[in-house]
Amino acid sequence: MQEAPATNLIDTRDMALALRRHAVQMTHLGKSSHVGSVLSLADILAVLYGRVMALDAADPRWAKRDRFILSKGHAGAGVYAALAERGFIPREQLKTHYQNGSKLSGHVSHKGVPGVEFSTGSLGHGLSVGTGMALAAKRAGRDNRVFVLLSDGECDEGSNWEAIMFAAHHKLDNLVVAVDYNKIQSLDLVANTLALEPFADKWRAFGWHVTEVDGHDHDALLGALDVAAGRRGIPSVVICHTTKGKGVSFMEGQVLWHYRTPQGDEYADARAELGLSHDEEGRADA
Amino acid sequence: MRDAFIAELMDLAENDPSVMLITGDLGFGVLNSYIERFPHQFLNAGVAEQNMTGLASGLALEGHKVYTYSIGNFTTLRCLEQLRNDVCYHDADVTAVAVGGGFSYGQLGMSHFATEDLAILRALPNMMVVAPSDPWETRVLTRQMAAAPGPKYLRLDKGQAGLPVNDAGVQLGKVRTVRDGKALTIVTIGAILSEALAAADTLAAEGIDARILSVHTLKPLDAAPLLAAARETGAIVCVEEHNVVGGLASAVAQLCLENGTTPKAFRAVGLDDLYPTIVGDQDYLRAAYGMDASAIAAACRSVVGLAA
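Line by line, the protein sequences are chains P and G.
Per this note's numbering, residue 1 is the first one in the first sequence, and the count goes up by one each step.
Per this note's numbering, residue 1 is the first one in the second sequence, and the count goes up by one each step.
Calculated directly from the structure, the hints in this document are not laboratory data.
Just so it is clear, the structure is predicted and the values come from calculations on it, not from any experiment.
Heads up, some of the hints might be wrong.
[To be verified] Below are the DSS-like pairs computed for lysine-lysine, each with C-alpha atoms no more than 27 Å apart in a straight line:
# : chain 1 : residue 1 : chain 2 : residue 2
1 : P       : K138      : G       : K65
2 : G       : K65       : P       : K111
3 : P       : K171      : G       : K65
[As the list claims (entries may be wrong)] Here chain P is said to cover these stretches of chain G; the calculated rule only asks that three of the stretch's residues, wherever they fall, bring their Cβ under 8 Å from a Cβ of chain P:
# : segment
4 : 59-67
5 : 72-85
6 : 239-245
[Unchecked claim] Looking from chain G toward chain P, a few residues come up when the C-beta cut is under 8 Å (computed):
#  : residue
7  : A48
8  : Q50
9  : N51
10 : G54
11 : L55
12 : G162
13 : P164
Every residue, glycine too, gets a C-beta built ideally from N, C-alpha and C.
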């Protein structure tokens with residue numbers, strides 16, 4: 001992993017703020033949904049892309065890179081923003097998100113976008129694929145890790161539990177799952193839809209190492225996510241307790257902001273809360 | 001055919017350590033020799049086909065040549081979206097292998113009839129669709145498919161056409177001319193070729209010489225021999241142990257129409273867009289649902305006059 005470019009100079013909190021600013025601007029410009037989902041996982045992405053993962057923007061297919069799959073593909077704007085912040089794609093390209101002819105689809109796609117490991121959008125796919133990648137790494141004797149980011153609502157999908165059983169059975173300790181547990185899914189609270197609790201116990205019962213953290217606490221995220229391959233002999237899940245819409249007060253914890261697009265005064269207010277001037281369109285370096 | 005497939009796969013695995021066979025907990029007695037010889041190139045994913053197919057994609061994207069193996073609809077329809085999103089969209093080198101094409105498992109009931117698979121798999125971009133007609137042809141095509149990276153579907157049949165070995169006569173992606181003839185053309189896919197051969201014998205005794213084309217590769221479809229058949233014989237009867245919607249007949253009809261080579265007469269012999277509600281062996285169900293030799297011969301007679 002020592003070949004990986006140094007990432008310790010990146011301030012992940014700055015990066016998370018940049019991701020949130022991008023998310024609000026991208027969803028506004030594209031008139032798209034899911035801003036609340038991106039704000040929810042901005043800190044997880046910042047810690048992964050800014051510190052934890054071995055990546056090389058100059059060589060996106062570098063064989064020893066850590067693999068990352070955003071299984072909750074609807075938060076793809078966050079991955080595009082993270083890739084822009086890490087130099088895989090131009091920041092300017094983010095403005096094309098959701099627009100006619102754009103490669104930056106609403107749900108994350110690898111086609112023509114360097115750095116995207118895998119395309120998702122239908123929930124319940126990413127973990128199985130990540131499991132295959134982790135198994136391949138083990139069989140090849142590579143020590144790269146595979147990170148898969150799930151949503152909480154996504155855990156309704158039975159295919160995830162097939163993969164969860166498989167990964168434990170095959171002792172895939174190079175596989176790390178993060179769950180963005182913001183307690184809100186598309187139409188309602190998770191607890192009112194299909195209750196996941198006792199969530200951590202479910203993972204433990206399936207044979208996983210479980211850590212629960214505040215999903216907006218960067219030190220806690222770093223400590224939990226940066227698991228060395230081969231350390232525990234079992235796969236790891238980090239249940240990240242998050243707030244949907246985190247960082248924009250009126251979006252926080254609101255089911256509405258799964259789908260609502262920031263427009264008009266709401267857009268202006270969101271920009272102001274994130275420290276962007278009212279008429280600024282590009283990335284704010286402020 | 002499944003034994004022939006496994007025999008060929010063992011040869012491939014011997015020479016290519018990237019070969020990985022994953023079963024969805026099926027293959028009792030069939031996979032044993034493979035598992036014994038290649039324990040590190042084998043996985044039993046359990047009864048979990050969605051995960052099996054997703055993880056197959058993950059393995060393939062990391063350099064493996066992956067084969068998923070199960071009965072009929074379990075490697076295809078059960079995990080269709082994994083095939084579509086994870087395998088086909090990513091051009092992953094995964095071959096979904098279904099044992100029990102058509103009515104192979106005729107006594108087991110509709111859950112085990114693979115009678116829409118060709119249509120559905122054919123509709124997936126990037127997916128190659130292959131259905132051999134004999135065990136020896138299965139070996140040839142399995143070998144040739146291994147040299148073609150990307151998503152593939154291999155439909156294996158319990159029945160067999162019973163034709164003599166002719167390795168040199170089989171080329172992936174090319175229609176095989178099984179019998180020449182001028183009165184009409186029977187176009188078949190898979191082992192139901194045996195019924196077409198029997199029908200052609202009956203017709204020959206009546207002075208009708210039927211051409212027989214075996215379309216072992218439904219996708220990509222080899223246009224030239226099919227268009228030539230439409231042009232030269234004037235009548236086409238498509239035969240498939242499959243729904244008549246979306247499979248071989250649909251593919252051939254579209255090909256002919258788009259190329260302005262419309263046959264004067266055209267028939268689709270197959271399952272008439274229904275779910276069988278009775279069981280029986282493969283021969284019984286072919287007869288019961290109108291796709292045995294006599295039904296094929298009748299369809300042929302009905303078009304000969306029209307084509308003249």
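Against the structure, the hints:
1. K138/P x K65/G: holds (16 Å)
2. K65/G x K111/P: Holds, because 22 Å separates the two Cα atoms, which is no more than 27 Å.
3. K171/P x K65/G: Cα-Cα ~22 Å, so holds.
4. 59-67: holds (count 6)
5. 72-85: holds (count 3)
6. 239-245: violated (count 0)
7. A48: holds (4 Å)
8. Q50: Given a least distance of 4 Å, the restraint on Q50/G holds.
9. N51: holds (4 Å)
10. G54: holds (3 Å)
11. L55: holds (4 Å)
12. G162: violated (39 Å)
13. P164: violated (41 Å)
Hints 6, 12 and 13 from the list above are not met by this structure, while the remaining hints are.
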